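Chain order of the listed sequences is A and B. The opening residue of the first sequence carries number 308 in my numbering; numbering runs sequentially from there. The opening residue of the second sequence carries number 16 in my numbering; numbering runs sequentially from there.
Honestly, the hints are just simulated from the structure, not real lab data. Among the hints, a few may not be true.
What the hints assert, rightly or not - Quick list of the computed label-pair ranges, beta carbon to beta carbon:
(1) A:Asp728 - B:Thr97: 40 to 48 Å
(2) A:Asn463 - B:Gln238: 44 to 52 Å
(3) A:Glu412 - B:Gly66: 35 to 43 Å
(4) A:Ser632 - B:Gly167: 22 to 30 Å
(5) A:Ala597 - B:Gly66: 26 to 34 Å
This structure is a prediction, so every number in the text was calculated from the model and none was measured. Where a beta carbon is used, it is the ideal one built from N, C-alpha and C, also for glycine.
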Amino acid sequence: MDNNILHINNGGCVKVADIPVLAYDSFRTLTIELMGDKARHCASYFAYPCGDGLRLMMCIADDNAHDILVFACDVEKGAKLESAAKDILALERYEREIHENWGLEFEGHPWYKPVRNFFPDKYEFFKMEGEELHEVGVGPVHAGVIEPGHFRFICNGEDVLHLEIQLGWQHRGTERLMLEKKRLIERVLLAEGVAGDTAVSHSTAFAGVWESLCGYTPDKSVLWARTLAAELERMANHTGDLGAICGDVAYQLGAAVYGRLRTPIVNFSQRWCGNRLGKGNVRPAYAPYAFTEELRQQLLSDLAAYERDFLEMCDKVQHFPSVLSRLERTGVVSKEQAESIGAVGMAAKCAGVSRDIRASHPYGLYAGLVEPVVKTTGDVLARTELRIDEVKQSLRIVRALLEDMPEFDGKMQSAGTPKADSFAISLTEGWRGEICHCAVTDAEGELAAYKIKDPSFHNWMALALAVRGNEISDFPICNKSFNLSYCGHDL
Amino acid sequence: MFDNLKIFFHQGKQFIPDVRTAKAPGVFRGRPVISTEKVDEQAFADLCPSGAIGTAPVSIDLGKCLFCGECERCFPQKVHFTDDTHLATNVRERLIIREGEDKPIEIDKDAIRPEIRKIFRHSLKLRQVSAGGDGSCEAELNATGNVQFDLGRYGIEFAASPRHADGVLVTGPISANMAKALELTYEACPEPRIIVLDGTDAISGGMYAGSSDLDRSFLDNHQVDLYIPGNPAHPLTVINGVLDLTRKK
Chain A
308 MDNNILHINN GGCVKVADIP VLAYDSFRTL TIELMGDKAR HCASYFAYPC
358 GDGLRLMMCI ADDNAHDILV FACDVEKGAK LESAAKDILA LERYEREIHE
408 NWGLEFEGHP WYKPVRNFFP DKYEFFKMEG EELHEVGVGP VHAGVIEPGH
458 FRFICNGEDV LHLEIQLGWQ HRGTERLMLE KKRLIERVLL AEGVAGDTAV
508 SHSTAFAGVW ESLCGYTPDK SVLWARTLAA ELERMANHTG DLGAICGDVA
558 YQLGAAVYGR LRTPIVNFSQ RWCGNRLGKG NVRPAYAPYA FTEELRQQLL
608 SDLAAYERDF LEMCDKVQHF PSVLSRLERT GVVSKEQAES IGAVGMAAKC
658 AGVSRDIRAS HPYGLYAGLV EPVVKTTGDV LARTELRIDE VKQSLRIVRA
708 LLEDMPEFDG KMQSAGTPKA DSFAISLTEG WRGEICHCAV TDAEGELAAY
758 KIKDPSFHNW MALALAVRGN EISDFPICNK SFNLSYCGHD L
Chain B
16 MFDNLKIFFH QGKQFIPDVR TAKAPGVFRG RPVISTEKVD EQAFADLCPS
66 GAIGTAPVSI DLGKCLFCGE CERCFPQKVH FTDDTHLATN VRERLIIREG
116 EDKPIEIDKD AIRPEIRKIF RHSLKLRQVS AGGDGSCEAE LNATGNVQFD
166 LGRYGIEFAA SPRHADGVLV TGPISANMAK ALELTYEACP EPRIIVLDGT
216 DAISGGMYAG SSDLDRSFLD NHQVDLYIPG NPAHPLTVIN GVLDLTRKK
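Given these sequences and hints, build the entire structure.
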């Protein structure tokens with residue numbers, strides 16, 4: 308079996324010719340066999356044109372061995388293949404995506420619904436018949452200032468029996484543009500725009516792929532800056548989400564306090580790199596904005612003020628019966644569900660699945676720095692408390708980093724040019740969860756394929772499962788507790 | 016009860032007293048100033064990932080600029096991004112900054128439709144539509160409502176339904192899949208209604224300009240009342256832009 312798998316590390320780059328190419332039957336069997344181990348999950352599965360046909364590329368992350376298992380399969384265009392998703396549910400969206408992008412058929416797939424190419428006038432939503440049942444359609448334009456998606460509930464009275472989520476509204480062709488735009492700065496900006504609230508982690512994943520394709524090793528100051536920026540991004544988003552969760556249960560003080568506590572973190576990002584969301588702070592090969600002693604002092608004092616108010620507010624929220632009663636046992640995702648759908652990040656960690664790339668496949672300066680926060684109840688309260696605990700953890704990481712500040716030379720650097728016929732993969736743990744970028748180069752060293760996976764690609768299914776059996780009035784709080792990305796999914 | 020009061024008291028005064036004159040802290044890449052120094056214009060223009068830089072004379076179109084700072088990094092003597100957050104205007108051409116210019120970007124009073132200042136000067140409700148937006152403009156719009164920026168103090172709010180709104184505020188480059196929903200949302204707003212484009216992606220398509228997955232025909236068919244550049248637009252840029260449009264200084 309081992310001859311059929313190439314083991315690579317996070318941020319690794321290999322020759323495409325070294326990746327084992329299997330016949331589809333063995334490819335499928337091997338995938339199912341490997342995915343049977345709960346310590347493994349699919350980090351990316353995609354197709355790209357290769358010769359006259361298509362090549363399927365499977366990347367399975369192994370949390371115990373801390374590496375990524377890669378193998379491939381060549382198929383003809385329009386081929387009819389036996390679905391692997393009927394055995395391993397976590398692959399279902401990948402197969403739908405490959406079908407939609409490249410026209411391959413996966414026979415026996417449990418539900419062939421569109422991923423992004425969605426025509427609202429023609430599409431037939433899932434239906435249930437019954438005199439007692441009614442449907443509620445929400446979106447694509449929602450009541451709040453958020454991105455578009457369509458939610459179709461089937462309810463019995465107030466209770467949700469089924470939720471179908473239809474995305475694709477945000478699709479703007481990011482992966483295609485990655486290949487069309489040839490300049491590095493264009494591609495960096497596309498990576499930042501995959502999900503603007505996760506700009507740092509997505510551009511770090513891009514930089515990881517690019518540097519490894521070029522065979523460039525960035526120096527410690529660059530990794531230090533990326534690690535710090537990613538933790539600030541996590542703190543800012545978690546804090547904002549806590550405010551939104553309080554807002555959704557009508558706890559105004561919590562909404563106001565957490566809402567305003569996000570500001571010092573994003574403002575610090577602006578002081579450092581000129582952008583509140585960290586856009587521009589990560590570039591391949593160098594750290595564009597030097598971190599100075601003055602910034603260090605500023606951040607330490609900002610964090611001290613932040614921590615005091617944050618902890619006081621958390622203490623109240625975690626002991627406030629009228630808030631807790633809305634959060635506890637609402638929107639539960641079980642461990643079995645999280646494992647079967649291949650959930651990552653917060654959705655997995657709250658259901659007792661310890662899945663955190665910072666710990667399992669460390670990158671940047673994360674090695675040995677993170678012990679994943681894991682909750683077991685899988686409800687909205689778990690996702691609230693996880694955020695609180697992760698903010699506390701990020702505070703510790705940031706302070707540890709500030710103790711060991713490297714020198715910045717601030718000079719522009721180039722990583723060089725990508726190697727020909729190579730494959731690179733880079734995983735990062737954004738605040739929502741695992742981000743995966745993969746690239747394949749052709750004989751000239753140009754990008755032949757670029758695949759982006761946002762954690763939301765896995766986790767939207769978790770939301771659909773979480774609301775089953777809940778009152779429809781609890782949907783906003785469930786949705787907010789996941790706060791998934793529409794644009795990251797739609798690309 | 017007492018815990019809540021204690022927390023309330025501990026926050027101190029958070030609101031920004033005067034949003035009109037407030038500065039963004041630290042470095043902010045706002046309105047650029049381009050010097051008249053001679054540089055290789057083509058090399059300078061070729062740096063820009065979104066085609067915002069024009070030549071002869073050298074100019075930066077803030078409707079296309081993604082504020083990545085690449086041009087300033089490579090040609091610090093030629094361009095400097097100031098901390099001026101007042102970037103919004105109602106005339107598209109005013110977003111183009113030419114070399115040697117250093118004057119504030121302003122609203123053209125004469126180009127404002129007369130009903131806007133008559134009807135919306137004390138109260139304005141906007142329906143936000145994200146059409147391919149990357150979530151960053153949306154995050155900053157939500158920040159305009161927090162206790163610091165407190166957009167609500169001016170009677171300006173985001174409405175849940177287009178039926179309750181005085182217009183739409185669009186974020187994102189307008190994906191083809193959202194084109195119809197945007198049109199329907201706009202049509203659902205009672206007249207008179209305005210259109211605000213928030214963020215560079217909305218104004219020009221940004222990095223996605225020309226992508227076959229966009230459908231920007233909405234903008235060909237309707238008049239835009241306010242352009243707010245940014246990647247994402249800073250809350251101060253948004254608030255001051257909307258105030259400048261709807262009321263006298």
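We went through each hint and held it up to the structure:
{"no.": "1", "hint": "A:Asp728 - B:Thr97: 40 to 48 Å", "result": "holds (47 Å)"}
{"no.": "2", "hint": "A:Asn463 - B:Gln238: 44 to 52 Å", "result": "holds (47 Å)"}
{"no.": "3", "hint": "A:Glu412 - B:Gly66: 35 to 43 Å", "result": "holds (40 Å)"}
{"no.": "4", "hint": "A:Ser632 - B:Gly167: 22 to 30 Å", "result": "holds (29 Å)"}
{"no.": "5", "hint": "A:Ala597 - B:Gly66: 26 to 34 Å", "result": "holds (29 Å)"}
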